[in-house]
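Chains A and B supply the protein sequences, listed in that same order. Residue numbers are given in the working numbering: position 445 of the first sequence equals residue 445, and the series is strictly consecutive. Residue numbers are given in the working numbering: position 396 of the second sequence equals residue 396, and the series is strictly consecutive.
One or more hints might be untrue.
Mimicking BS3-like on lysine-lysine, the simulated pairs with C-alpha atoms at most 30 Å apart in a straight line are [unchecked claim]:
(1) B/Lys239 - A/Lys453
(2) A/Lys318 - A/Lys367
(3) B/Lys444 - A/Lys321
(4) A/Lys304 - B/Lys122
(5) A/Lys293 - A/Lys239
(6) B/Lys321 - A/Lys56
(7) B/Lys324 - B/Lys360
(8) A/Lys293 - B/Lys335
(9) B/Lys293 - A/Lys293
(10) B/Lys318 - A/Lys239
(11) B/Lys318 - A/Lys444
(12) A/Lys239 - B/Lys444
(13) B/Lys239 - A/Lys122
(14) A/Lys17 - A/Lys5
(15) B/Lys453 - A/Lys239
(16) B/Lys321 - A/Lys453
(17) B/Lys293 - A/Lys318
(18) A/Lys444 - B/Lys453
(19) B/Lys321 - B/Lys293
(20) A/Lys324 - B/Lys293
(21) A/Lys444 - B/Lys444
(22) B/Lys428 - A/Lys293
(23) A/Lys122 - B/Lys304
(24) B/Lys321 - A/Lys293
(25) A/Lys318 - B/Lys56
(26) B/Lys453 - A/Lys293
(27) B/Lys428 - A/Lys304
(28) B/Lys444 - B/Lys335
(29) B/Lys56 - A/Lys239
(30) A/Lys293 - B/Lys444
(31) A/Lys304 - B/Lys239
(32) B/Lys304 - A/Lys324
(33) B/Lys239 - A/Lys318
(34) A/Lys275 - A/Lys304
Over 10 Å on every C-beta distance to chain B, these chain A residues come out as not near it, computed from the model [as the list claims (entries may be wrong)]:
(35) Asp102
(36) Lys293
(37) Arg435
Part of the chain A face toward chain B, derived, beta carbon under 8 Å [stated by the list, open to error]:
(38) Ile101
(39) Gly105
(40) Met184
In case anyone wonders, no lab produced these hints; they're calculated from the structure. Remember, predicted model here, so these are calculated numbers, not experimental data. From the three backbone atoms N, C-alpha and C, an ideal C-beta is built for every residue, glycine too.
Protein chains: 2
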Amino acid sequence: MALKKKVLEDLQVFLPKKAFLVDEQVSNRKAGGLHTEEAIQAEIIVRPESTEEVSKILSVCNQAGQPVIVHGGLTGLVYGTRTSPDQLILSLERMNNIEEIDPIGRTLTCQSGVTLQNIQEKAESENMIFPLDLGARGSCSIGGNISTNAGGNRVIRYGMTRDSVLGIEAVTSDGTILSSMNRMIKNNAGYDLKQLFIGTEGTLGIVTRCVLRLREAPISQNTALVGIENFPSIITFLKHIDSGLGGNMSAFEVMWKEFYEMVTNSLDEKSLPLKKNIPYYVLVESMGSDQVKDEEHFESLLQKALEDSVIVDAVLAKSEKERKALWAFRDDVEKQAQYGPTVMFDVSLPINEMEEYVSKVDLNLQKYWKDFHHIVWGHLADGNLHLVVGTGDLESDTIKKIENSVYEPLEFIGGSISAEHGIGLEKKPYLHLSRSEAEINYMKALKDTFDPKGILNPGLIF
Amino acid sequence: MALKKKVLEDLQVFLPKKAFLVDEQVSNRKAGGLHTEEAIQAEIIVRPESTEEVSKILSVCNQAGQPVIVHGGLTGLVYGTRTSPDQLILSLERMNNIEEIDPIGRTLTCQSGVTLQNIQEKAESENMIFPLDLGARGSCSIGGNISTNAGGNRVIRYGMTRDSVLGIEAVTSDGTILSSMNRMIKNNAGYDLKQLFIGTEGTLGIVTRCVLRLREAPISQNTALVGIENFPSIITFLKHIDSGLGGNMSAFEVMWKEFYEMVTNSLDEKSLPLKKNIPYYVLVESMGSDQVKDEEHFESLLQKALEDSVIVDAVLAKSEKERKALWAFRDDVEKQAQYGPTVMFDVSLPINEMEEYVSKVDLNLQKYWKDFHHIVWGHLADGNLHLVVGTGDLESDTIKKIENSVYEPLEFIGGSISAEHGIGLEKKPYLHLSRSEAEINYMKALKDTFDPKGILNPGLIF
Chain A
1 MALKKKVLED
11 LQVFLPKKAF
21 LVDEQVSNRK
31 AGGLHTEEAI
41 QAEIIVRPES
51 TEEVSKILSV
61 CNQAGQPVIV
71 HGGLTGLVYG
81 TRTSPDQLIL
91 SLERMNNIEE
101 IDPIGRTLTC
111 QSGVTLQNIQ
121 EKAESENMIF
131 PLDLGARGSC
141 SIGGNISTNA
151 GGNRVIRYGM
161 TRDSVLGIEA
171 VTSDGTILSS
181 MNRMIKNNAG
191 YDLKQLFIGT
201 EGTLGIVTRC
211 VLRLREAPIS
221 QNTALVGIEN
231 FPSIITFLKH
241 IDSGLGGNMS
251 AFEVMWKEFY
261 EMVTNSLDEK
271 SLPLKKNIPY
281 YVLVESMGSD
291 QVKDEEHFES
301 LLQKALEDSV
311 IVDAVLAKSE
321 KERKALWAFR
331 DDVEKQAQYG
341 PTVMFDVSLP
351 INEMEEYVSK
361 VDLNLQKYWK
371 DFHHIVWGHL
381 ADGNLHLVVG
391 TGDLESDTIK
401 KIENSVYEPL
411 EFIGGSISAE
421 HGIGLEKKPY
431 LHLSRSEAEI
441 NYMKALKDTF
451 DPKGILNPGL
461 IF
Chain B
1 MALKKKVLED
11 LQVFLPKKAF
21 LVDEQVSNRK
31 AGGLHTEEAI
41 QAEIIVRPES
51 TEEVSKILSV
61 CNQAGQPVIV
71 HGGLTGLVYG
81 TRTSPDQLIL
91 SLERMNNIEE
101 IDPIGRTLTC
111 QSGVTLQNIQ
121 EKAESENMIF
131 PLDLGARGSC
141 SIGGNISTNA
151 GGNRVIRYGM
161 TRDSVLGIEA
171 VTSDGTILSS
181 MNRMIKNNAG
191 YDLKQLFIGT
201 EGTLGIVTRC
211 VLRLREAPIS
221 QNTALVGIEN
231 FPSIITFLKH
241 IDSGLGGNMS
251 AFEVMWKEFY
261 EMVTNSLDEK
271 SLPLKKNIPY
281 YVLVESMGSD
291 QVKDEEHFES
301 LLQKALEDSV
311 IVDAVLAKSE
321 KERKALWAFR
331 DDVEKQAQYG
341 PTVMFDVSLP
351 INEMEEYVSK
361 VDLNLQKYWK
371 DFHHIVWGHL
381 ADGNLHLVVG
391 TGDLESDTIK
401 KIENSVYEPL
411 EFIGGSISAE
421 HGIGLEKKPY
431 LHLSRSEAEI
441 NYMKALKDTF
451 DPKGILNPGL
461 IF
């Protein structure tokens, strides 16, 4: 199978030469995804520079029944950008224009190929923030963030990507331009169609432009790393600090002790912020309006938790450098490479089920292996845990056993197999664990409504 | 036209007698809506007590092509609950069970007939809040709040209803139960179908149960009423206070001087918090974590605004009683009755367009009338203004002229004809001003996908 020749001829009629990448310009690129150096399999990348060009491209492809795979920053973790030679890649990399920033309405309008970091920096230049933040900020595109409803580090305070998108322009499979570039926080004039393009992984339409909601920059920031002896105390501490901060908590990241070991085992014990082998470590952060008063208050909350033995140790960052150093431990996920090949998970479940869930996964893994690495951390206050499991190899049978071990106890407690990464190709076989047949049927009905020929990111999700 | 007899017979097979209301039990009820005492026109109200009963009812109605109008608390403002004799009313009033409150996961699970106030009180009993709040709290139902994506007083801090709904159980037209009772903040496992039932006014399915997100109760609350001389200073003050509060601002309600006059003209000038005839009044509120420190900080921000002549006067509530008294002015919308029959609007538009927009509406009204009342107030920081216009009568020609005067200047600036009230029957003729033909076509396509026979709330929105 190869790309339909007629499609290429039709596209060349209205697209300039620079819009096309071919041969080694394509094959030198990686396909994207964790732990893989696989090259792109498609033969051609088309790079429009406007919504109108995207519309014309899809119109041609839809008529020809040509499958299209959408590429943003290629930082997704569920193989949503994999291609085969018969598919056309539509990359939004040339649509990287920030069109407007409005400091009064607190909005930013841009094309969908702009990187998250460029958006953050533009907002900061006007003393505001775009609150979405995640490790891939420098290369991920806002279109990809929207299409996957990205989460990240500040969800507990500011919500998922969905909560920061006011307007969307999208092109559906037949080339129809749906321009819902709303700039207001409130707009209940009929169905809110933009919701359909958020988190649907490019299967219902291609997001080409958006209006983002900005926030005033917080004035103070306080960050601490605390050690906790047992899981019930994590819950007590979460309630204590979240209610004590009166809504100002902006992060509550928990690391199981194996995670702390993983990110610190190359370091001298004396240089560590907290000693090793405490069962749990929590990175907690608040954002507020007065550095001195807020720090006093934050410290008094930590002090109280220490006095009540809810936490056993705590270190408060006293400078931006110290704050970054604490976050560096949390963010150093790539240290998992020291354990050889691993499989990574992104599950969500009710907080009060987490302790038992992690034990059950452990027991499941013990049925198959004596020695394995099972590392757990996550945005606990969001109900989101990440798990990494390494058992020595990544044979398909191994992966299946690992996946079963992790997902089997999740279904019963109503958890989700994907908290923030999406489904893509990787998690598709397990979608039925988190969604009922009726739900999946309606997803398919929506797909049929928006993309009757199934040309947009075919094969993803279901 | 009358209700299909076969439908009633089929329903009586599985529903108990108490599920039905007939004759004067129905005709004694009001149909709902502002300024109307109109009685319900439908002949029968069916009151299921479970999702399964709703499913069976819709299955019967869908087979018979029987139109169904859904009733919650009947507090909507756009005639979304009007009926005719051939329609069946399905009321959720008996589905008023709060099933669970989870103080750790910070969720509340309930049936959709529960009133907003009961949910608020249940949350408060566990030292949390359900942040959605609006005047009709005592009688509106959460199902109606969800179906209309209700807004209210704390949107700037906590978002619309959409932002507080984690899970939904809904029944689609053919009786299919779509149970997406997610309890986690994050769940990206495939399409987020619940979004389709939020703000679609019961046209795609009937919401029967939900999981709501609760928040820790704020510890401090500070409220002030300030006077401002001109519109640009409102914007300066908004930026000053919102950035100064570092994200803790929970309300920014603006009243044009005619509104302040309307709610105070029966009162002695000496008993007023601020003197009359200041061009604009702003009710501003913050929620934080430390009453003493936060009040100091709030007061210093007001002091700075006074020194810089951004505001001309300010009064800070020093007790809960004073706080309530300030809000009472803002909430006393019913005082508009003193001006005779009026038409009320709920528009949204970019903040920096508001001053000119209100002038244009005024000029438009002057083309038709010499004397009229034009009262403006709103959740300004959300981009949401309410307008009330009274010209002496409510003849259909009068209403049309008023509507044209208000909506004509809105289309050009990309505003919305409905910020938070929805479209219903009332605003349907104007939907095209805020939504493109492509958008409306896709709304209709969604309706066809979820309700191919068009039995659910037929005639609403488009």
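To see whether the hints hold, each was checked on the structure:
no. : hint                : verdict
1   : B/Lys239 - A/Lys453 : violated, 48 Å
2   : A/Lys318 - A/Lys367 : violated, 46 Å
3   : B/Lys444 - A/Lys321 : violated, 54 Å
4   : A/Lys304 - B/Lys122 : holds, 28 Å
5   : A/Lys293 - A/Lys239 : holds, 21 Å
6   : B/Lys321 - A/Lys56  : violated, 62 Å
7   : B/Lys324 - B/Lys360 : violated, 34 Å
8   : A/Lys293 - B/Lys335 : violated, 42 Å
9   : B/Lys293 - A/Lys293 : holds, 7 Å
10  : B/Lys318 - A/Lys239 : holds, 29 Å
11  : B/Lys318 - A/Lys444 : violated, 56 Å
12  : A/Lys239 - B/Lys444 : violated, 45 Å
13  : B/Lys239 - A/Lys122 : holds, 18 Å
14  : A/Lys17 - A/Lys5    : holds, 16 Å
15  : B/Lys453 - A/Lys239 : violated, 48 Å
16  : B/Lys321 - A/Lys453 : violated, 62 Å
17  : B/Lys293 - A/Lys318 : holds, 21 Å
18  : A/Lys444 - B/Lys453 : holds, 19 Å
19  : B/Lys321 - B/Lys293 : holds, 20 Å
20  : A/Lys324 - B/Lys293 : holds, 28 Å
21  : A/Lys444 - B/Lys444 : holds, 17 Å
22  : B/Lys428 - A/Lys293 : violated, 51 Å
23  : A/Lys122 - B/Lys304 : holds, 28 Å
24  : B/Lys321 - A/Lys293 : holds, 27 Å
25  : A/Lys318 - B/Lys56  : violated, 62 Å
26  : B/Lys453 - A/Lys293 : violated, 61 Å
27  : B/Lys428 - A/Lys304 : violated, 57 Å
28  : B/Lys444 - B/Lys335 : violated, 39 Å
29  : B/Lys56 - A/Lys239  : violated, 42 Å
30  : A/Lys293 - B/Lys444 : violated, 54 Å
31  : A/Lys304 - B/Lys239 : violated, 35 Å
32  : B/Lys304 - A/Lys324 : violated, 33 Å
33  : B/Lys239 - A/Lys318 : holds, 29 Å
34  : A/Lys275 - A/Lys304 : holds, 21 Å
35  : Asp102              : violated, 7 Å
36  : Lys293              : violated, 5 Å
37  : Arg435              : violated, 5 Å
38  : Ile101              : violated, 13 Å
39  : Gly105              : holds, 5 Å
40  : Met184              : holds, 4 Å
Going down the numbered hints, you'll see the structure goes against 1, 2, 3, 6, 7, 8, 11, 12, 15, 16, 22, 25, 26, 27, 28, 29, 30, 31, 32, 35, 36, 37, 38, while the others check out.
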